[in-house]
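Visitor: Could you put together the complete structure from these sequences and hints?
Those protein sequences? They're chains A and B, same order as listed.
If you read the first sequence in the working numbering, its first letter stands for residue 99, the second for the next number, and so on.
If you read the second sequence in the working numbering, its first letter stands for residue 21, the second for the next number, and so on.
Any given hint could turn out to be false.
[Said to hold, decoys possible] Label pairs and their calculated CB-CB ranges: (1) B:GLY257 to A:VAL347: 26 to 36 Å; (2) A:ARG278 to B:GLN103: 48 to 58 Å; (3) A:GLN282 to B:PRO72: 29 to 39 Å; (4) A:VAL105 to B:ALA140: 39 to 49 Å; (5) A:LYS376 to B:VAL261: 33 to 43 Å; (6) A:SER124 to B:ARG90: 42 to 52 Å; (7) B:LEU268 to A:LYS376: 49 to 59 Å; (8) A:LYS376 to B:LEU149: 24 to 34 Å.
[Unchecked claim] Computed list of lysine-lysine pairs in DSSO-like fashion (alpha-carbon distance at most 30 Å, straight line): (9) B:LYS192 to A:LYS342; (10) A:LYS102 to B:LYS154; (11) A:LYS342 to B:LYS154; (12) B:LYS153 to B:LYS192; (13) B:LYS192 to A:LYS100.
Just so you know, the hints here were simulated from the structure itself, not pulled from any lab data.
No residue lacks a Cβ here, since even glycine has one placed at the ideal position from N, Cα and C.
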Amino acid sequence: MKQKIRVTSLLIIAFVILILGMAVGSVFVTPADSLSIVWHKLAGTAVPATIKATDVSIIWNLRLPRALLAFVVGAALSVAGAVMQSVLKNPLASSYTLGVSSGASLGAALVILGGISIPLLKMFTLPILGFAFGLGTILLSITIASRLDKGLENNTIILTGMVISLFTNAVVTLVSALSREHIQQLLYWQMGSFSLKDWKTVFILLPITVVGILIIMHYNRELDMLTFGEEQAKSMGVNTVRVKWILIVIAAAITGSAISFVGVIGFVDLVAPHIVRKIFGSRHRLVIPMSAILGGAFMVACDLAARTVIPKQDLPVGAVTAIIGAPFFGYVYFSRRKRDA
Amino acid sequence: MLSARNINVSYGSTQVVFDVSFDVMNNANLCVLGPNGCGKTTLLKAVAGILPHGGTVAIDDRDTRTMKRREVSLKIALMSQSQGVYFSYSVFDAVMMGRYLHIKDGILGSPSGHDRDFVAECLRSVGLLDVAKKEISQLSGGQLQRVFFARTLAQEPQIILLDEPTNHLDMKYQIELIEYLREWSSHDNHSVIGVLHDINLAMRLSENMLILKEGRIAASGVAGAQVTTELLRDVYGVDVVGFMRESLGKWEGISAQ
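Guide: Written out as structure tokens, the structure reads:
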């Protein structure tokens with residue numbers, strides 16, 4: 099019963115944040131007008147004449163797709179973070195700390211700077227290469243870490259991931275330094291940004307993310323069991339090798355494709371699942387969908403801050419999430435160490 | 021009936037279990053004994069199909085290598101030594117995980133009334149029904165051990181493998197656990213294979229013993245016949261039976277006062 103109240107509250111908060119994400123900005127459109135615009139556009143009817151045409155355009159062409167994109171990306175990153183923490187039994191695991199994000203950004207840098215477009219894939223070239231590079235990096239981290247530490251149960255994997263992540267980021271910086279005309283774009287992209295994105299990006303990322311999250315939801319009980327370790331899950335009947343692979347690949351897919359469009363955004367994937375577990379408990383039946391909603395709403399709020407804190411200037415959203423997330427990372431790391439000692 | 025033939029297990033290039041064979045009949049139990057590092061845990065994990073191994077394990081004449089993971093787990097449940105809890109669940113939810121193979125798969129798969137009753141019954145058996153809603157991170161080591169035992173029971177296996185199940189338990193619960201296992205294994209073709217540190221508890225579980233030394237069988241058979249006083253002294257490097265007699269003598273001395 100309490101759980102239902104908590105879920106409802108989170109849904110309401112997320113909805114309010116999404117509306118504020120549309121209403122607030124350099125031009126303020128009242129929440130009622132914003133909703134009315136969305137409603138009429140969706141229903142295909144004419145927007146009331148009392149609402150200015152510029153407002154309609156701002157809401158429908160700029161802010162709604164931007165807010166939705168932020169929501170989808172936040173959801174994808176948080177769910178992937180929750181999956182990685184459970185599969186690796188490590189509370190510090192996330193796409194960011196395991197190098198998936200920086201790997202994906204390298205893939206995307208090559209596409210954008212090299213002007214690569216694989217025939218047949220066309221508009222999916224970017225997300226697919228982002229996914230491939232992201233998956234490649236996490237596999238590299240896991241391979242190196244498992245050489246050093248078989249159980250993968252302590253922070254070796256995080257350290258390896260961070261090293262690979264920093265290295266890959268350096269490669270991205272070098273690549274971008276070689277093509278000066280793109281340097282501004284890349285700078286933004288290494289800290290993430292939702293500016294200059296339209297409906298097209300939403301239409302590509304939304305289905306990838308929704309399908310990915312549904313597949314992960316399918317394995318919610320296996321995720322619960324994996325938090326007790328691979329051996330225990332296996333003895334209870336889980337085909338651990340297969341399940342682990344599916345989960346890691348899907349997590350890398352939704353992260354990699356999101357990152358390839360909006361750049362590297364860290365810490366949401368680490369922070370959101372932890373907050374969700376504190377509120378809703380550890381069962382993945384709730385952890386996965388609630389991470390998606392909380393992570394999505396959090397990202398919309400961060401983007402709102404990124405574009406309104408300094409008037410007429412878009413800050414990189416990754417900077418906002420990092421300002422909140424980095425201290426949190428330290429908190430989890432040190433409180434964990436205290437308990438282990 | 022479970023029969024293991026020529027089990028060999030290696031970690032990388034180091035072999036730790038050599039050519040171990042044994043049978044456990046239905047409604048019979050087996051204790052695996054031996055000093056630290058003799059390969060007991062490894063043998064148990066190999067039999068449960070969790071570690072890759074050479075040789076064959078057959079349940080009711082069916083080779084486990086021809087069975088899928090879920091089929092093996094419907095027959096054999098392994099309770100390993102408890103490790104840390106990384107993410108906390110309620111006692112009830114943790115035990116429900118043992119029902120994994122009995123619940124319909126996927127997003128919509130949820131426990132039936134029967135599953136809930138079964139879990140409640142398992143919790144009652146280990147005396148934890150009144151803390152079913154508590155978080156496992158708040159439990160003592162002994163309570164957590166009992167949660168894991170309840171989860172093993174919830175799996176409804178035919179054969180239970182236990183690795184040091186009495187660790188962290190108070191003596192009362194140690195004895196209760198062994199009594200419970202004896203009762204459990206007396207019906208429905210059940211059997212128990214237990215790795216036990218405490219030879220006294222082992223004797224209570226079963227007189228059938230498998231004694232390992234450095235990964236090889238040192239003796240196998242019934243206590244007193246094949247497993248002799250001299251053999252135990254040789255394997256453990258200490259006069260085990262003499263020590264127990266001495267301890268018993270002391271206790272008798274105390275209670276006679």
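Visitor: Now tell me, hint by hint, if it's right for this structure.
Guide: Quick rundown of the hints versus the structure:
1. B:GLY257 to A:VAL347: 26 to 36 Å: violated, 51 Å
2. A:ARG278 to B:GLN103: 48 to 58 Å: holds, 53 Å
3. A:GLN282 to B:PRO72: 29 to 39 Å: Taking Cβ atoms as reference, A:GLN282 and B:PRO72 lie about 54 Å apart, which means the hint is violated.
4. A:VAL105 to B:ALA140: 39 to 49 Å: Violated, at about 26 Å.
5. A:LYS376 to B:VAL261: 33 to 43 Å: Roughly 54 Å apart at Cβ, these two residues miss the hinted range, so it is violated.
6. A:SER124 to B:ARG90: 42 to 52 Å: For A:SER124 and B:ARG90 the Cβ distance comes to about 58 Å; the hint is violated.
7. B:LEU268 to A:LYS376: 49 to 59 Å: Holds, since B:LEU268 and A:LYS376 (Cβ atoms, about 53 Å apart) stay within the stated range.
8. A:LYS376 to B:LEU149: 24 to 34 Å: Taking Cβ atoms as reference, A:LYS376 and B:LEU149 lie about 27 Å apart, which means the hint holds.
9. B:LYS192 to A:LYS342: violated, 40 Å
10. A:LYS102 to B:LYS154: holds, 19 Å
11. A:LYS342 to B:LYS154: holds, 29 Å
12. B:LYS153 to B:LYS192: holds, 24 Å
13. B:LYS192 to A:LYS100: Violated - the C-alpha atoms of A:LYS100 and B:LYS192 are around 38 Å apart, more than 30 Å.
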